[in-house]
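Colleague: Listed below are the residues making up each chain.
There are 2 protein chains.
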Amino acid sequence: MQTITTLDFALLGLISQKPCSGYDLRKFFSSTPMTSYSDSPGTIYPALHRLERRGLIRGQTETGKGQRERRLFQLTLRGRTEFRRWQLRPITRADVVRRLDALMLRFAFMDESAGPVATRRFLQAFHKELASYIPTLREYLKNNRSAMPLSGRLALESGILGYETLFRWTKAALAAYHKEN
Amino acid sequence: MQTITTLDFALLGLISQKPCSGYDLRKFFSSTPMTSYSDSPGTIYPALHRLERRGLIRGQTETGKGQRERRLFQLTLRGRTEFRRWQLRPITRADVVRRLDALMLRFAFMDESAGPVATRRFLQAFHKELASYIPTLREYLKNNRSAMPLSGRLALESGILGYETLFRWTKAALAAYHKEN
DNA sequence: TAGTCCATGTAAGATGTTACATGATTCA
DNA sequence: TGAATCATGTAACATCTTACATGGACTA
Numbered sequence: 001m002q003t004i005t006t007l008d009f010a011l012l013g014l015i016s017q018k019p020c021s022g023y024d025l026r027k028f029f030s031s032t033p034m035t036s037y038s039d040s041p042g043t044i045y046p047a048l049h050r051l052e053r054r055g056l057i058r059g060q061t062e063t064g065k066g067q068r069e070r071r072l073f074q075l076t077l078r079g080r081t082e083f084r085r086w087q088l089r090p091i092t093r094a095d096v097v098r099r100l101d102a103l104m105l106r107f108a109f110m111d112e113s114a115g116p117v118a119t120r121r122f123l124q125a126f127h128k129e130l131a132s133y134i135p136t137l138r139e140y141l142k143n144n145r146s147a148m149p150l151s152g153r154l155a156l157e158s159g160i161l162g163y164e165t166l167f168r169w170t171k172a173a174l175a176a177y178h179k180e181n
Numbered sequence: 001m002q003t004i005t006t007l008d009f010a011l012l013g014l015i016s017q018k019p020c021s022g023y024d025l026r027k028f029f030s031s032t033p034m035t036s037y038s039d040s041p042g043t044i045y046p047a048l049h050r051l052e053r054r055g056l057i058r059g060q061t062e063t064g065k066g067q068r069e070r071r072l073f074q075l076t077l078r079g080r081t082e083f084r085r086w087q088l089r090p091i092t093r094a095d096v097v098r099r100l101d102a103l104m105l106r107f108a109f110m111d112e113s114a115g116p117v118a119t120r121r122f123l124q125a126f127h128k129e130l131a132s133y134i135p136t137l138r139e140y141l142k143n144n145r146s147a148m149p150l151s152g153r154l155a156l157e158s159g160i161l162g163y164e165t166l167f168r169w170t171k172a173a174l175a176a177y178h179k180e181n
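Same order as they appear, the protein sequences are chains A and B. The first sequence runs 1 to 181 under this note's numbering. The second sequence runs 1 to 181 under this note's numbering.
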């Protein structure tokens, strides 16, 4: 059983919202701010075939009224389960350090697929993990400040500012969920 | 002539500061905040061999005083030229949208390898590109706000906040360079 | 009828991940 | 002597990028 990549989950997330063709997905990646994923056919179509082989999605050929035929994919039960399991995985330090993009992707589809309780729990865990990580960055900066060239130091500071912005965002996002319920 | 990856440039940047062994580089990636790059031997050593084959670095075996022998790599003239050329490439929209990590990497090594004038130019171009990109994100949010689920909308807002933080950072960084000179 | 958009695909080549493998040195 | 650290490597496998290829439908 091979691993499911971030791109795979992005595809699953979009398909979970409504059935999509490969072309729909490509257009989504090229025309919305969800641009971290490649919209090239050489990326999307093989990924969809893989997901179908693994039983996470199912494609049905739509014979057109006038249009050229296209394959519409939906999640299978198994796909839905795997996706939710991925969303609900505990948040680790490694996620925060190296996989922020995947964390935000997990969050972006939570409303529809995991519900408000899980979403709040996710934000709380995210908040907590940031709260424990950021001080280690500040500490590193403090200890190495004088040994670093200006550009290197500023680059690190930019990273820290990014994490601090995210930290404030988790608080605001939690507030938004509390207000809603 | 194949392309040089971001990891390759990260290696070149570190080696440009002082000669490094593969092990040094691995430790750097595992023990400093420069953690976006893999510290695994299966990534680092083949990458170093590639760079050597392409004539960008040169390794010398250091026969130890007691220690196990190790290969210390330095930049060749060609390596130094390629690195600087990469740093000085014009900043494009695509860089800002999909390759922020590479942009920050370019910047992080600017002091030593490109000088203060180029560094300021880089920050100005970065600033300008952000200034033109951020409004398109705000516009997208405005037009699609009501159609997006709460979590999706918040995820997008997080991205925008990140870019705005970066925008303020470019201003602060420019100020730091002006003060210095 | 020429160009653009819809729509799906493959092939070659390179890179990255994980796991395995080896061996020297240092220190408790 | 056993464990941890220093140090370098390979192999299998999967994925991604770029480029190429095809063809229907719509519209100016």
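Please note: incorrect hints may appear among the correct ones.
As the list makes no split between identical chains, a pair holds if one copy fits it or if it spans any two.
[As the list claims (entries may be wrong)] Straight-line distance between alpha carbons at most 30 Å, and here's what the computed DSS-like set of lysine-lysine pairs gives:
id, residue 1, residue 2
1, 128, 179
2, 142, 18
3, 142, 27
4, 128, 27
5, 142, 171
6, 27, 179
7, 179, 142
8, 27, 171
9, 18, 128
Hints were generated in silico from the structure; no laboratory data involved. Every value quoted in this text rests on a predicted model; they were computed, and no experiment measured them.
Colleague: Each hint should be assessed against the structure and marked as holding or not.
Modeller: Hint by hint, here is what the structure shows:
no.: 1; hint: 128 with 179; in the structure: within (21 Å within a copy, 37 Å between copies)
no.: 2; hint: 142 with 18; in the structure: between (49 Å within a copy, 22 Å between copies)
no.: 3; hint: 142 with 27; in the structure: between (45 Å within a copy, 20 Å between copies)
no.: 4; hint: 128 with 27; in the structure: between (36 Å within a copy, 27 Å between copies)
no.: 5; hint: 142 with 171; in the structure: both (26 Å within a copy, 22 Å between copies)
no.: 6; hint: 27 with 179; in the structure: neither (34 Å within a copy, 46 Å between copies)
no.: 7; hint: 179 with 142; in the structure: between (38 Å within a copy, 21 Å between copies)
no.: 8; hint: 27 with 171; in the structure: neither (33 Å within a copy, 34 Å between copies)
no.: 9; hint: 18 with 128; in the structure: neither (33 Å within a copy, 37 Å between copies)
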